[in-house]
Amino acid sequence: MMQGYLFDQMCYVHPDTVGVSLSTSPLGLAAYFLEIFAAGTDISNRKSKDGCLYEFPGGLDWLITNLMIYLVTRSTIPTCRFIHRSRNIRLQNITVPTGIAFYPKNPFPIAGGLPRSFISSRYKNVIRYTRMESGGSFPSIEQPRRLQT
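Using this note's numbering, the letters of the sequence shown map in sequence onto residues 1 to 149.
Treat the hints as calculated values from the structure; they're not laboratory data. Hints are not guaranteed to be accurate.
[Said to hold, decoys possible] Quick list of the computed label-pair ranges, beta carbon to beta carbon:
no.	residue 1	residue 2	range
1	87	117	30 to 36 Å
2	82	140	15 to 21 Å
3	117	69	23 to 29 Å
4	25	96	38 to 44 Å
5	120	86	29 to 35 Å
6	144	118	37 to 43 Å
7	61	124	29 to 35 Å
8	28	98	33 to 39 Å
[What the hints assert, rightly or not] For lysine to any residue, the following SDA-like pairs were computed, each having C-alpha atoms within a straight-line distance of at most 25 Å:
no.	residue 1	residue 2
9	105	60
10	105	118
11	105	31
12	105	75
13	47	65
14	124	101
15	105	77
16	49	138
17	105	73
18	49	134
19	49	137
20	49	59
21	124	95
The beta carbon of each residue, even a glycine, is placed where N, CA and C say it ideally should be.
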């Protein structure tokens, strides 16, 4: 199973190639969604024989809805271009009130997974820092009710 950041790396180098590939193949886009969500919800899924692709947290309706949004609106190429263009954005001195949630099964380095001293050097007004009991990169799909509290 490929690692989730590989797609981002491909978008950095060849955003239109990746975008066209995904936009012209509904099956390819579905496979990408399943892989990225399986790997992003629990890092241990990468060690599983089938990658836990059959345990998609959002359910089949969620998957089909999102596939259709990407395909009908032709959003795959603009998404890849956005990833390509945003790679050099550096956040500095964020002063708006900020809440950060750390999800222990998130395999990707995000703000919540960084040391608190680093977070406070960038985010100047952290009003809430929560270490969640479970979850990965997609809390709105995995635990929507927990995210609301």
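These are the hints, each one checked on the structure:
no., hint, in the structure
1, 87 / 117: 30 to 36 Å, "violated (25 Å)"
2, 82 / 140: 15 to 21 Å, "holds (19 Å)"
3, 117 / 69: 23 to 29 Å, "violated (39 Å)"
4, 25 / 96: 38 to 44 Å, "holds (40 Å)"
5, 120 / 86: 29 to 35 Å, "violated (24 Å)"
6, 144 / 118: 37 to 43 Å, "violated (28 Å)"
7, 61 / 124: 29 to 35 Å, "violated (41 Å)"
8, 28 / 98: 33 to 39 Å, "holds (37 Å)"
9, 105 / 60, "holds (22 Å)"
10, 105 / 118, "holds (20 Å)"
11, 105 / 31, "holds (21 Å)"
12, 105 / 75, "violated (28 Å)"
13, 47 / 65, "violated (28 Å)"
14, 124 / 101, "holds (16 Å)"
15, 105 / 77, "violated (29 Å)"
16, 49 / 138, "holds (22 Å)"
17, 105 / 73, "violated (31 Å)"
18, 49 / 134, "holds (22 Å)"
19, 49 / 137, "holds (21 Å)"
20, 49 / 59, "holds (21 Å)"
21, 124 / 95, "holds (5 Å)"
When the structure is compared with the earlier hints, violations turn up for hints 1, 3, 5, 6, 7, 12, 13, 15, 17 and for no others.
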